[in-house]
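A.B. asks: Just add 669 to wherever you are in the sequence shown, counting from 1, and you've got this note's numbering.
Don't read these hints as lab results, they were simulated from the structure. Careful, some of the hints might be misleading.
Said to hold, decoys possible - Below 30 Å or equal to it, Euclidean Cα-Cα: the simulated DSSO-like pairs (lysine-lysine) are:
| id | residue 1 | residue 2 |
| --- | --- | --- |
| 1 | Lys711 | Lys920 |
| 2 | Lys856 | Lys711 |
| 3 | Lys907 | Lys920 |
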Amino acid sequence: VADEPSCDIFEHLEHVFLAIFTCEQVIRCVALQRAFFMGREKFWNLFELAIVLLCWVDIAFRQITAGGPTYPTSASLAKIMNLPRFARVLRLWRVAQFMSSLQTMVALISNSVPSLISVFVVIFSIVFLFSLILTQGVTDFVRTAPASPHAASMDSEMIECFGSLFSTMYSLCQAMMGGRNWAEFVKMLSPVGWETAVTITAFIFFTTFSVVNIVMGVFVDSAIHMSNSYRLAVLEQKGRHREQTACQLLKLMLHMDSDQDGSITAQEFMAAMERQDVQALLAALEITTVDASIFFRALDANGDGLVDLFEFVDGMTHFKGDAKSSDIQMLLVYVRNLVDLCRIHFGDSAGPP
């Protein structure tokens, strides 16, 4: 049990974190306004808001009941008010959505629940069957065993572990999961007969080398299947993202194409680059431009002075985002090839490679 100063420290920390969470909810509510209650994450927002409000009610309840008499009703209400503390653990699920590895692990665990239920049913059936055999054998032995002080002490321990169906199932679960050495049970049941030793040995052998390995195989297969499904989901998400980017680029081209002929001239491009709405769309697509004329020549792949839909979408896709190391390496290769061509045609005066 923690001492009183430690409890006070944790209580103060709880108040500090609750104040931070309250400020977070207020800022989110002011920033999102109606989207806080009607947006895509409205259920998460309402859930977190309810947790914060219940935590404040919990603090108020503890302040009111502090130092006063304790009644059964107040104790029950205190247990109910502790539920928000456990509900705060569910916030980890929201954090897991932004961490791919943690999200994969949580998805694997949640999707393995049906297989886990089937495994529990199989293991319960096996333990129940062997428990019936052992309980019946121990019951018959205790009824027919001669009365003696030594036999009475042995029978009491035997009855404690194998005297009922539930106690026998509990003992077999201990032997199966390592809670107790199964050799102790074999020695304990040796007066009953060799049949009990064979039964326990067969149970341990069957559950260890058959059931457990099969269960592990089922879980591994389920994990592999879920991992492949997750990869397919990621690929589908990337495909949808590319489609959304193409739609945004098409919208951007329609803004630039003033005569709506399906292609952009240099004059239309220069005029569109001066507009605030076009600059906002480029910023939303993470496309930065320095010189509009150079940018237009880079988009005009065939050099005809017009940028059609295919050239616009393909060129803008390459300009989207930051430059990667592979892009820089490819640029260095092209520069070296260009320098080599210049040296071949103009001699060594073209410069170093």
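A.B. asks: Has the given pair, Lys711 with Lys920, been kept, meaning a C-alpha gap of at most 30 Å?
C.D. replies: Holds - the C-alpha atoms of Lys920 and Lys711 are around 29 Å apart, at most 30 Å.
A.B. asks: Are the Cα positions of Lys907 and Lys920 separated by 30 Å at most?
C.D. replies: Given that 30 Å is the threshold and the Cα spacing comes to 20 Å, the pair holds.
A.B. asks: Quickly compare the C-alpha distance for Lys856 and Lys711 to 30 Å and report which way the hint goes.
C.D. replies: Since the Cα atoms of Lys856 and Lys711 sit roughly 62 Å apart, the hinted pair is violated (cutoff 30 Å).
Hint compliance for this structure: hint 2 is the single one not met.
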